[in-house]
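Listed below are the residues making up each chain.
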Amino acid sequence: MDNQLIYFVLLVLCFSVALNLKLTFNLLHLVRNPPEAEDPLGHLTIGAPIPGISGVSPVTDKAVDLSLTVKPQVLLFLSSRCPVCKEKLAEIDSLLPLAQQAGVEFCFISLESKNRLGAFLQSPILSSLAVIVEEKDYKQLNPTLSSPFYLFIDHEQKLQAGGTIGDEDWLAFVAQLNELQLEEEFA
Amino acid sequence: MDMQLYFLEVIRLLAAFIMLVAAWGKCQAFALFQTNLIESFRVPASLSKAMTLGIIAMELLLAIFILANNHLTDTAMWMTLAAFIIFTLAVIVRFSQNELVKCNCFGAENRPVSALDIVRNLLMMALLIYYLLFSSAAALVMEAQTLCALLAAIFCICMVNFHDIAMSFNKNWV
Chain A
185 MDNQLIYFVL LVLCFSVALN LKLTFNLLHL VRNPPEAEDP LGHLTIGAPI PGISGVSPVT
245 DKAVDLSLTV KPQVLLFLSS RCPVCKEKLA EIDSLLPLAQ QAGVEFCFIS LESKNRLGAF
305 LQSPILSSLA VIVEEKDYKQ LNPTLSSPFY LFIDHEQKLQ AGGTIGDEDW LAFVAQLNEL
365 QLEEEFA
Chain B
-18 MDMQLYFLEV IRLLAAFIML VAAWGKCQAF ALFQTNLIES FRVPASLSKA MTLGIIAMEL
42 LLAIFILANN HLTDTAMWMT LAAFIIFTLA VIVRFSQNEL VKCNCFGAEN RPVSALDIVR
102 NLLMMALLIY YLLFSSAAAL VMEAQTLCAL LAAIFCICMV NFHDIAMSFN KNWV
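In order, the protein sequences belong to chains A and B.
Heads up, the first sequence is in our numbering, so the first residue is 185 and it goes up one at a time.
Heads up, the second sequence is in our numbering, so the first residue is -18 and it goes up one at a time.
Read the hints as simulated data drawn from the structure, not as lab findings.
One should not assume that every hint holds.
Straight-line distance between alpha carbons at most 25 angstroms, and here's what the computed BS3-like set of lysine-lysine pairs gives [as the list claims (entries may be wrong)]: (1) A:Lys298 - B:Lys83; (2) A:Lys206 - A:Lys320; (3) A:Lys342 - A:Lys323; (4) A:Lys270 - B:Lys83; (5) A:Lys320 - A:Lys342; (6) A:Lys323 - A:Lys298; (7) B:Lys83 - A:Lys272.
Bear in mind the structure is a predicted one, so any value in this text is a computation, not a measurement.
Construct the complete structure from the given sequences, taking the supplied hints into account.
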């Protein structure tokens, strides 16, 4: 057998051990300094007005200025790439009539192409609520690009709450909508 | 003896091991792979099971023929190259459509396909082409073959985990 081969094997083995050590220490570093969970709200502060952004409606292809709305809004950030978002979509669909009664507007903010978004939202009613924005604007509202993510905006364009759909504030909002519905049924 | 003979032997064994690992990984994550065929590659649901079984069988057969090191090995290497090309093209097409492509080609990885996986496949293709260009029938002694198998095993692990190895160089990687 060739000595050259043995040298080569040794070389590869040494390299592998070095690589292994390096990666092990990287892992050790990571275990000791776990990355901090980023605040999904980023620089947005509750009670302050949100940055005014505009986008394009996928249905009418017309420009939409989000800051012109005078009604309280729920901005929804769902991505066709997240499996959970699909489940949330059904929930939002069922909330839609309740929200309309309560005078709250839903708005899907998206980065995706018109076709993809249409295929994801499926119903034309939901698509008509969508606004496609630029990535730079999207990041102003949802800096960590998290989904399913929401922002509650009051009639003065001030941020009331934000977080992951299904968290405490979201559940409180859903409960409120249901209560309003019950009250109206009584009346 | 020429080092090239050893390189060729390592490439042959590496291809066989990768095919074995791929078949084994897909068996372990059978249902996942089947779902990915439907969701990421738009294979009709009715075909997905047969296709998963077919791919696993093909990989196993290729691995066996490559390991056998007989007159069929070169053909098996050609077919492995073809499989890599077809698969990589499929991924590139889905990838360029900006879709989330999951593969689970080597088992239950909880991540979509990345550009690094494509680089890995290109590298593998280059090695296969090198083998096919220079392969010869010269036999190696047992000891040399064992060492080549050891090298191939190390390279196989590096190839399969290419994405994770590259990513873990970054200390802030999660």
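Now the hints, each set against the structure:
1. A:Lys298 - B:Lys83: 23 angstroms, holds
2. A:Lys206 - A:Lys320: Roughly 37 angstroms between the alpha carbons, so the hint for lysine 206 of chain A and lysine 320 of chain A is violated.
3. A:Lys342 - A:Lys323: Answer holds: lysine 342 of chain A to lysine 323 of chain A is near 17 angstroms, not above 25 angstroms.
4. A:Lys270 - B:Lys83: Distance ~17 angstroms between lysine 270 of chain A and lysine 83 of chain B Cα, so the pair holds.
5. A:Lys320 - A:Lys342: Roughly 20 angstroms separates the two Cα atoms, so the pair holds.
6. A:Lys323 - A:Lys298: 19 angstroms, holds
7. B:Lys83 - A:Lys272: With a Cα-Cα distance of about 22 angstroms, the restraint between lysine 83 of chain B and lysine 272 of chain A holds, given a limit of 25 angstroms.
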